[in-house]
Amino acid sequence: MSIRLYIPIDSTALSLGAERVARAIAEEAARRGIDLGIVRNGSRGMFWLEPLIEVETVAGRVGYGPVTPADVAGLFDAGFLSGADHPLALGRVEAIPYLASQERLTFARVGVTDPLSLDDYRAHGGFAGLARAIGMSCAEVVQEVTDSGLRGRGGAAFPTGIKWNTVLAAAADRKYVVCNADEGDSGTFSDRMLMEGDPYCLIEGMAIAGLAVGATQGYIYLRSEYPHAFETLRAAIARARTAGCLGQDVMGSGRVFELEVRMGAGAYICGEETSMLESLEGKRGTVRAKPPLPAIAGLFGKPTVINNVMSLASVPTILARGAAFYRDYGMGRSRGTLPFQLAGNLRRTGLVEKAFGVTLRELLYDYGGGSASGRPIRAVQVGGPLGAYVPESQFDVPLDYEAYVAIGAMVGHGGLVAFDDRADMARMARYAMEFCAVESCGKCTPCRIGSTRGVEVIDRIVAGEQRGRNVALLNSLCDTMLNGSLCALGGMTPYPVQSALKHFPEDFGLVPDEDNKGA
Amino acid sequence: MSRPDPDSATDRLARVRSIASAYRPTPGALLPLLHAVQNELGFIPDDCVPIIAGELDLSRAEVHGVISFYHHFRRTPPGRHVVQVCRAESCQAMGGEALEAHAKARLGVDYHSTTPDCAVTLEAVYCLGNCACSPAIRVDDEIVGRVDAARFDEVIAELRSGEASA
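Chains Z and F are the protein sequences, given in the same order. Going by the numbering used here, the first residue of the first sequence is number 5, and it counts up by one from there. Going by the numbering used here, the first residue of the second sequence is number 44, and it counts up by one from there.
None of these hints come from the bench; they were simulated from the model. Owing to the predicted nature of the structure, the values given are computational and were not obtained by experimental measurement. Don't take every hint at face value.
Derived list of chain F stretches under chain Z, where covered just means 3 residues or more per stretch with a C-beta under 8 Å from a C-beta of chain Z [stated by the list, open to error]:
id	region
1	127-140
2	169-175
3	179-192
Ideal placement from N, C-alpha and C gives every residue a C-beta, glycine not left out.
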């Protein structure tokens, strides 16, 4: 039997040279006449160790990393194929504290299995949720999801079960399930990691959603910045269809569910659900006014379930292990787990799946190891480019949807971007407005014009022109955008702007107001 | 990559017509169709717009409106390689602005421009999903992480030497 070796094919691992390492290992093995079975797995999400090579030994999977092509001959010499010691040796990968202390439900298989192997997927619990759903009525499946407490992981945090119930109750000749895989937020990469590392998990979640609401066609709307994920999903859908897990007779149930992956074209606004529908229909991605809700009149005017990747990928676990199992994780009304993404200026960036209630401080320091630069962490943008900048004084607030709303921030998609004390927060506020101006769909005035005026007003504040008047003007402009925009792009750009202004006024040339600071 | 001669209008229009008619039955066909045209020709020439509009029963204005709305679609040919530099927050937190300045100076062009030897088109991008290894760039379909000025120069040198040996 050949020796089994795991080398990630995840985009981030590839961006650090995993392909060259894989080639070097294959060549070195051939030169030494060693028979290797190389599996290209997803990433475990410990990016300071990538490329992370794992060898299957009697003692479990032993890791080495970060490996460069120059290390390869030495690893062979040291006997890494039998798990021998070496300066890059990490021991049993699953015992690494960063990984061992996580609560991986949605990411249980990512980095463990061969992403495209259906046998591997089944051997690790795959399709158990779909099999159970097939034996239940539509209403029972929806109830299970409702009881789990799952809320949309895309940012708005709307209860998933309620959304599904609306689509189930809508009468129509055709219904759709659309997966919003337009992960455009800076600091977020969990969707990409899951699609590249465990695509069947998303496919299974979508098939369950289809059965639950009576939809026969699904679409994954993927951003064009993710070419590797596109190829992986296409291959996975084809294999799942051939194996009868999708198509005209899903797992022998007599029920139909077809699935297609569609590529976006570089428009952040298409992450907004109604813009995404326009784009899927072949139009400019402009926002639709609501009502009607997409659950009633969505894609091509038909009732449509729209969920993001993490919401749909949470569903197989909920069905396989029951609503109560999932609901037992978390706190308050934030149930289950969220894959937090540690990005920006951190020593140990990566993916950490934990139950809600973990704090920023734990994620930044216990997991992230503090800043990469060794300087103090000054601000963390939580939840993407429309999320607030959280200052150090709030690092102990538990990550819970309601607790974050209470401090004027949002958990969003669980992306954390850390900045050290060299960050210029006035510049970051200006960038937020500039980003909104570049990406606005142009349909509503507060977003289209307000963002451009916002850049100008911030420039005037920084330049010291009539600071008091211009700060008042900026706040009034933010108020207009917040209350007058059609969607979250214009409606939430004030979050990063106003949080930067509130917590870091000195960067705008303003005197900190102690009375206001803690508010 | 073997592409039809983009200078030959007849060649190109025939290709577009065949792509467009193949996508005609697809619901919401315009985006996948435009991707297919751009993958084939490298860009979406203006003279293809009436053909696409005709095949999908849309107005020329609708087709033009879609092409111009999305950052990914281009109406002019790019260089032989497209290099995108990420401008989003995570990359900024790790020195992305300095990298942007270096990229522009090194290539001698601004964003949305192509080097005089047509080797590289430089573009800005807002997040490549590689935020754990910022700053990041994309070179054609490959992502490169933890890019500083020296790494950027290496990547560009590899592109140019790859062309020389090809």
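For the region 179-192 of chain F, does the count of residues with a C-beta closer than 8 Å to a C-beta of chain Z reach 3? Holds, because 8 residues of the region 179-192 of chain F bring their Cβ atoms closer than 8 Å to Cβ atoms of chain Z.
Chain Z over the region 127-140 of chain F, status - at least 3 residues with CB closer than 8 Å: With 7 residues in contact (Cβ-Cβ under 8 Å with chain Z), the coverage given for the region 127-140 of chain F holds.
Stated coverage of the region 169-175 of chain F by chain Z [criterion: 3+ residues, CB within 8 Å]: Per the Cβ count (7), the hint holds.
Comparing the model with each earlier hint shows no violations; every hint is respected.
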